[in-house]
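Trainee: Single-letter residue listing:
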Amino acid sequence: MDITRRRLLVLLPAAVAAWKYVLAGTPEASPNYKLTEHWWGMLIDIPKCIGCGSCVRACAEENDVPEGYYRTWIERYHVADWRIERPEVESPDGGKQGFPPHVDDGGKNFFVPKLCNHCAESPCTQVCPVGATFATPDGVVLVDKSYCLGCRYCVQACPYGCRFINPKSNTAEKCSLCYHRITKGLTTACCEVCPTGARQLADLKNPKDPIHEFLRTHTVQVLKPHMATGAKVFYNGMDGSVR
Amino acid sequence: MFKDIEHLIRLAVVIAVAVVAFVILRAAVVPLSFGQYGHYRGAAIGEIASRPVAFAGHDTCETCHTDVVNQKKLGKHIVVACESCHGAQAMHADDPGSVQPRKLDTAVLCARCHETNSAKPKGFPQVATADHSAGLACDTCHQPHRPKIETAKSETEGKK
Numbered sequence: 001m002d003i004t005r006r007r008l009l010v011l012l013p014a015a016v017a018a019w020k021y022v023l024a025g026t027p028e029a030s031p032n033y034k035l036t037e038h039w040w041g042m043l044i045d046i047p048k049c050i051g052c053g054s055c056v057r058a059c060a061e062e063n064d065v066p067e068g069y070y071r072t073w074i075e076r077y078h079v080a081d082w083r084i085e086r087p088e089v090e091s092p093d094g095g096k097q098g099f100p101p102h103v104d105d106g107g108k109n110f111f112v113p114k115l116c117n118h119c120a121e122s123p124c125t126q127v128c129p130v131g132a133t134f135a136t137p138d139g140v141v142l143v144d145k146s147y148c149l150g151c152r153y154c155v156q157a158c159p160y161g162c163r164f165i166n167p168k169s170n171t172a173e174k175c176s177l178c179y180h181r182i183t184k185g186l187t188t189a190c191c192e193v194c195p196t197g198a199r200q201l202a203d204l205k206n207p208k209d210p211i212h213e214f215l216r217t218h219t220v221q222v223l224k225p226h227m228a229t230g231a232k233v234f235y236n237g238m239d240g241s242v243r
Numbered sequence: 001m002f003k004d005i006e007h008l009i010r011l012a013v014v015i016a017v018a019v020v021a022f023v024i025l026r027a028a029v030v031p032l033s034f035g036q037y038g039h040y041r042g043a044a045i046g047e048i049a050s051r052p053v054a055f056a057g058h059d060t061c062e063t064c065h066t067d068v069v070n071q072k073k074l075g076k077h078i079v080v081a082c083e084s085c086h087g088a089q090a091m092h093a094d095d096p097g098s099v100q101p102r103k104l105d106t107a108v109l110c111a112r113c114h115e116t117n118s119a120k121p122k123g124f125p126q127v128a129t130a131d132h133s134a135g136l137a138c139d140t141c142h143q144p145h146r147p148k149i150e151t152a153k154s155e156t157e158g159k160k
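These protein sequences, in sequence, are chains A and B.
Going by our numbering, the letters in the first sequence line up with residues 1 to 243, in that order.
Going by our numbering, the letters in the second sequence line up with residues 1 to 160, in that order.
Hint data in this document are derived by calculation from the structure and do not stem from the laboratory.
Take these hints with a grain of salt, some might be off.
[Said to hold, decoys possible] Covered stretches of chain A, going by a simulated chain B footprint (3 or more residues, C-beta under 8 Å):
{"no.": "1", "region": "55-69"}
{"no.": "2", "region": "100-110"}
{"no.": "3", "region": "137-145"}
Note that the structure is predicted; figures quoted are calculated from it, not measured.
The beta-carbon is built from N, C-alpha and C at its ideal position, and this holds for glycine as well.
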């Protein structure tokens with residue numbers, strides 16, 4: 001086949017158009033929301049949690065979480081005086097309907113709400129083979145449903161057990177820190193309904209956020225700090241027995 | 001000098017066609033925004049952000065229900081968001097006429113927070129509902145938006 005002037009003239013613009021199509025790409029974002037101006041996390045004040053389950057119910061309603069699965073859940077810890085290393089943990093239906101009444105079972109008892117820690121160095125995003133899960137520039141770990149293969153690598157990689165496979169879509173699912181809310185200036189559904197203020201959304205890049213004053217004046221901890229995941233859910237008043 | 005230059009041209013054409021085919025195929029299968037922020041589809045951020053909300057938020061409730069908010073300000077329940085008890089109301093906020101919130105059962109609702117549990121913080125008001133009200137709905141005595149009973153303390157034996 002000869003490459004004539006005519007053929008070249010036809011091919012070149014086609015190639016240029018195709019290349020431009022590849023290089024383009026239009027980011028879609030909320031109009032007044034700037035990805036680089038936020039760094040999201042959450043503060044959980046354990047001594048304030050009453051285990052009412054409002055957060056679990058609100059999360060399920062806001063995010064259409066299937067029955068029996070939890071993006072956030074509450075654990076009730078019972079630490080007997082002589083078994084600090086072996087706490088008893090229960091979470092009936094994720095704490096969705098609250099907890100059965102306990103009057104006095106001795107030892108130390110408290111509630112621990114859990115959710116995705118939105119790790120800065122998250123193990124789950126590192127194992128995803130297709131780029132379906134990722135950390136956004138504003139520090140939220142999200143799942144791209146249309147890209148997820150459902151291979152479950154991330155479910156195994158998360159040290160906090162925060163991921164599951166949605167039985168309807170067969171894709172990985174997790175707390176999105178109500179990304180559709182926080183980008184609109186609202187707080188997360190769980191923080192919105194928490195009646196005692198035990199959960200508070202925190203924007204670590206916003207100098208006016210009360211989180212900074214709180215972190216300065218309190219001793220906070222993250223879950224499994226030895227795993228160096230850069231967890232951004234900060235727990236105040238957390239007992240050493242919490243796993 | 002280039003006696004068989006036709007061979008080279010043929011090869012060049014094959015390579016050029018392959019490159020063009022690759023570029024077109026890549027454009028067809030890789031989303032435009034892939035790699036924009038990292039090894040993922042950048043447009044997914046916008047898609048996730050554009051989902052509708054279910055909980056309207058306390059500020060939205062306050063724009064219409066100022067009377068209830070004023071009631072709440074007189075009591076301890078001012079820290080409790082409206083949707084904490086009434087559930088997600090974004091649909092009601094969008095169309096207050098046709099979407100009405102459900103009536104709540106205080107016997108279930110109040111107990112979720114105020115039922116006695118040794119894991120609850122000691123300062124938090126708790127009752128054993130079975131002893132406290134003998135099955136009566138809480139709003140028989142307490143006004144949920146302003147729950148403290150100012151006059152009839154003796155009826156509840158001084159318990160909150």
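Trainee: All hints, please: hold or fail.
Mentor: A quick look at each hint next to the structure:
Counting residues of the region 55-69 of chain A whose CB lies closer than 8 Å to any CB of chain B gives 3, so the stated coverage by that chain holds, three being the minimum. For the region 100-110 of chain A, the proposed coverage by chain B is satisfied: 7 residues have a C-beta within less than 8 Å of a C-beta in that chain, meeting the threshold of three. Interface restraint, the region 137-145 of chain A with chain B: holds (3 residues with C-beta to C-beta distance below 8 Å; minimum three).
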